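K.L.:
All chains should be built: construct the whole structure from the sequences, respecting the hints.
Number of protein chains: 4
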Amino acid sequence: MLVVMEHGATTEQIERVAAVIEEMGYQARPMPGAQRTAVGLVGNDGRVDASRIEALPGVAEVIHVTQPYKQASREWHPERTLVPIGPGVVVGGDQVVIIAGPCSVESEQQILTAARGVRAAGATALRGGAFKPRSSPYSFQGLGVKGLELLALARRETGLPIVTEAMDEEGAHLVAEHGDVIQVGARNMQNYSLLKAVGRIGKPVLLKRGMAATINDLLLSAEYILAEGNEQVILCERGVRSFDPAARNLLDLTAVPIVQKLSHLPIIADPSHGTGLREKVTPMARAAIAAGADGVMIEVHPTPDRAKSDGGQSLYPEQFARLVMELRAIAGAIGKSVAPSPGTAPLSIG
Amino acid sequence: MLVVMEHGATTEQIERVAAVIEEMGYQARPMPGAQRTAVGLVGNDGRVDASRIEALPGVAEVIHVTQPYKQASREWHPERTLVPIGPGVVVGGDQVVIIAGPCSVESEQQILTAARGVRAAGATALRGGAFKPRSSPYSFQGLGVKGLELLALARRETGLPIVTEAMDEEGAHLVAEHGDVIQVGARNMQNYSLLKAVGRIGKPVLLKRGMAATINDLLLSAEYILAEGNEQVILCERGVRSFDPAARNLLDLTAVPIVQKLSHLPIIADPSHGTGLREKVTPMARAAIAAGADGVMIEVHPTPDRAKSDGGQSLYPEQFARLVMELRAIAGAIGKSVAPSPGTAPLSIG
Amino acid sequence: MLVVMEHGATTEQIERVAAVIEEMGYQARPMPGAQRTAVGLVGNDGRVDASRIEALPGVAEVIHVTQPYKQASREWHPERTLVPIGPGVVVGGDQVVIIAGPCSVESEQQILTAARGVRAAGATALRGGAFKPRSSPYSFQGLGVKGLELLALARRETGLPIVTEAMDEEGAHLVAEHGDVIQVGARNMQNYSLLKAVGRIGKPVLLKRGMAATINDLLLSAEYILAEGNEQVILCERGVRSFDPAARNLLDLTAVPIVQKLSHLPIIADPSHGTGLREKVTPMARAAIAAGADGVMIEVHPTPDRAKSDGGQSLYPEQFARLVMELRAIAGAIGKSVAPSPGTAPLSIG
Amino acid sequence: MLVVMEHGATTEQIERVAAVIEEMGYQARPMPGAQRTAVGLVGNDGRVDASRIEALPGVAEVIHVTQPYKQASREWHPERTLVPIGPGVVVGGDQVVIIAGPCSVESEQQILTAARGVRAAGATALRGGAFKPRSSPYSFQGLGVKGLELLALARRETGLPIVTEAMDEEGAHLVAEHGDVIQVGARNMQNYSLLKAVGRIGKPVLLKRGMAATINDLLLSAEYILAEGNEQVILCERGVRSFDPAARNLLDLTAVPIVQKLSHLPIIADPSHGTGLREKVTPMARAAIAAGADGVMIEVHPTPDRAKSDGGQSLYPEQFARLVMELRAIAGAIGKSVAPSPGTAPLSIG
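Chains as they are written, first to last, in this note's numbering: chain A, 42 to 391; chain B, 42 to 391; chain C, 42 to 391; chain D, 42 to 391.
You can take every hint at face value.
A few chain D residues that face chain A, going by a derived Cβ cut-off under 7 Å, partial list only: (1) D285; (2) D293; (3) M325; (4) A332; (5) G333.
Straight-line C-alpha distance at most 25 Å; calculated BS3-like pairs for lysine-lysine: (6) D/K187 x C/K237; (7) C/K187 x D/K237; (8) D/K302 x D/K111.
FYI, nobody ran anything at the bench for these hints, they're computed from the structure. Note that the structure is predicted; figures quoted are calculated from it, not measured. Where is the CB? At the ideal position from N, CA and C, for every residue including glycine.
P.N.:
In structure tokens form, the structure reads like this:
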């Protein structure tokens, strides 16, 4: 950490900064410059709380050199983490995963049709919402526990591992019971009570980036889960808020290589929420894999124009089947492959 | 709602849109234009889910004319809502409120000193965090229930109503027990489980705007609380994310008159988090009152350079005292006044 | 400047950074830390180009400690700059200025009516566009030189100094000939050819902040003008791009105290473009003055619903007159006053 | 265009809106709803100026249904525009182009080495700045006309067409004389004097998206050029401003399919400026091609750590050579190919 003093800071002010740093248990190293003095804090273990120093007279700025997250950092854990989410399905290696399915679970028939369809087309895992965070209290809020039971049924039918969202601690326990990956949605990325709960539960977690979260914020939220002893965290870029209404969100694919440099955790992309526009899902899913993402998460609905939520961004089944073919070609072009559906042989007809 | 068809949409596509609208129980009103046809949806009660229509072939765009929130809307509830938060203290009328205190409750001595100080300077209510949402799991997380008990003690000592944050349903019940206003923080603005919980509890709620929340999003989150039967909601502008690192957040004071036009709920501003810089708190608190805010929420600490959190944005007690004087003058300039401290007479010495 | 090395950077990499710094004519000061080494660059005169160092192997990040602008900086020029824009009218002192008038000059009658009206209500200077930067090539582009001549006529009639925009070097010379302050619009804030031209011309310049410009960018653009020997620069906050469509722009009033800390140049606010909504202009103009702005710039039109541009954000004359009264009260509340109209005595009837 | 009236607007207010619409030469079509009335404007040719209507009493909002650009719109010009930029080099077809070279022209040796290197690796055109828009007046501003002459020399040596930036009308004429494509930079995207000038000159134009420009803004700026009779416009996504300091800009690759849906003009991506980080250029260039971009523009420098500008984001020649191989594989995966270097046969050894 570097404490930059104001031009014109007095010797006493500089000494007081140094004294506070020492009092906090670190070493202070003043560094006079041509225009202003800076005081380095040596020994920072990433847990220094700067606010006390920011408040000292004569301090212009506090600059953080050390990353505030530790367990999520690749500097301290160079090997990439592999997260197994089902029999033979691992996220984070040379095979990219394709998680697909409807926005919401709507009925037994809908989720089974969807699951069989995406399985036949080549998906690796099934997504589907049982607890739905909706901006309006009057929108469809999901089937709840009934939805989880239907997802478990779809897993028995297709072998696909289940990825589904939890919105609070109680829901996280229910998802852990019926599903394979607990999703923490963008709106809850900084819901620390929920992060601690999924950390304690210990199942794989899919953590989505918040709409205004920096990558630093995202990794700090992952750190909350890791700090509870759960390393099975998959990150997910799903678009951030932008000034341009041309798309629902702005899918920040550069986050993929940035996260892979800073952290050992796998990162996938969700071009369905990331664009909010069906026609843009295919090109942006291809782009995500080309950028090096460890997978994609795609909304597919048997009949999008009858969907209870997000119909406008869900692919038709035949669009999804074509997309899987393209993703295989793109993955091949950069030396990777698409993970096969679990237990592919007996189920390949779908 | 207006469904804009693509230039070149076929008659069948237009008829299908109309049929779906009728099937949903509304009236469809096609409106052919020189360049493209639009189909109006008549009878919208604000609960139409557009995603199904967006997915129909030939649809270019769906434009929402009706506001998606109802109970929070001023169109349907023209009289402004008054929220009483303590004996004789009401938010939303001609008197602006000043909620002040430290970021976190740190100790009995700290919170009592702070409470007496802000009370003496003219504050209307006391703020102080017992449950702290911190970006890093390694930062001070608050004293929890012990902190709530100390806040209750400070209220007994000073008469100031207590505003403090809850981060989950369990915490909300604890805050309701010890405090007067349950704060929902910016990071939890779309934590719908928490919003429903504070809606059911029925105590006054201070709902902070999320870092990337539009005003529409903020009012929809308020709608979640109102939909549970709790109308005691105070909104709070506390800065949004911006591209400029010059301040921690970008305080959007225009939100004040915009919310007051769209909603009957009171809105205050938090220039401490809204700027993150002590020197900017005073001018921006003045600006908030000049813009018509129903109050301000200010971080004040007896000894900011020893604070366990947010020291750099906390005012020194004497700065706060000067600020209250200035706010009185500004309020007077626009025909308002600052609400007196509760039970001012016997406690005026502080 | 501080060059932060990657954790695990080799001694050779650190030495190479130091060697390049020395080669560039500065001193290198390595600073080993517990987790990584940083190398300080001493002797930075604000003109160091970091890109060469960023490219060196082992470098994680380059952190700028010194401000990149010099002549615009208050550190090197503590006394605030006063910019005289007309007889007895100075921007930057204890009197706040009110620059008012229509978006565009439309006709002799329109501009004279407008000028007399704002003069009578208490304006200090007249605004009005002759060259209009419009997003669409099909929108009204202004009257050009004819508009400048009408502005000069309005000045003769009312004594109000003229503030009007130039869009290129040729236009800047024309504005300098007919007007008093050359406005550089938000879209041209980083049009360096234009900045150099207005720097050379030497007349007062009103430099508006670009829609995505940081305050650092704004001060660097001012530096372009100052570097040509022209210190007569007034900065103007006029709103930045935001994710919220509730207002046309997001007026960033915190920019006012931030600029006043960093720079000696005066700064005013334009709540008309900053909000784009007539009803929000009055509260935000009040807020700007309460935040300490050196003035406001307000669109006023004799008949806004007949305006050729920006009618929706222009005040009616009677609204403006009330606003001036409120601004006087607000200015008084913080120990300032509103500058009188030039030559007020003989013209006070309007 | 749809004029949405306030809930509670009077019949007179609605009739006045209708009257103004008729007065402007269009048809008014009132459309009463359950909650509020809307008035449709029929006959809109995309040139309606809404500000006059926004200002009318009782108007809540004006919603634009028709696109404000015409000549740039794909609705009116469905065939995609092909822009030839050199012998046998066309932008916008099935072959993607790779424009590569240093940020700035620095010397004869540097530009010739760079040109030969990128030519040998497979580039289609040469980039290099002679006039450099720099945030700081103290940064290297380019070699000017001398730089243009060196670029022309490099073209004679390698056959590569030249893409280089102009910052004002005078510069545009010089670039037209020495180069093949006039680049308008992000900072000048709304410099309308420059847009009109390059429209009149009639040479191919590379128009970069501004840092806070919506796609609508970008297409309106293109419209300025087209309106002067020049259809040879190539658009370029180069990253927008974001709240996340993790990258210099946020490369918005979804802009590629969005622009291709809305406009017939080709669009390329610049991952060098779009990320500002050398290590991210390769994955994001791949992603751009996978998203369907018509080309990429890449900064490559013979010796990046000696570059006078943007060294940190320039590829080493061997990195660029590998990238070209990957781009060929990605283009193949989606049924495209990379355009060969002009006159490839005799020069293929480099």
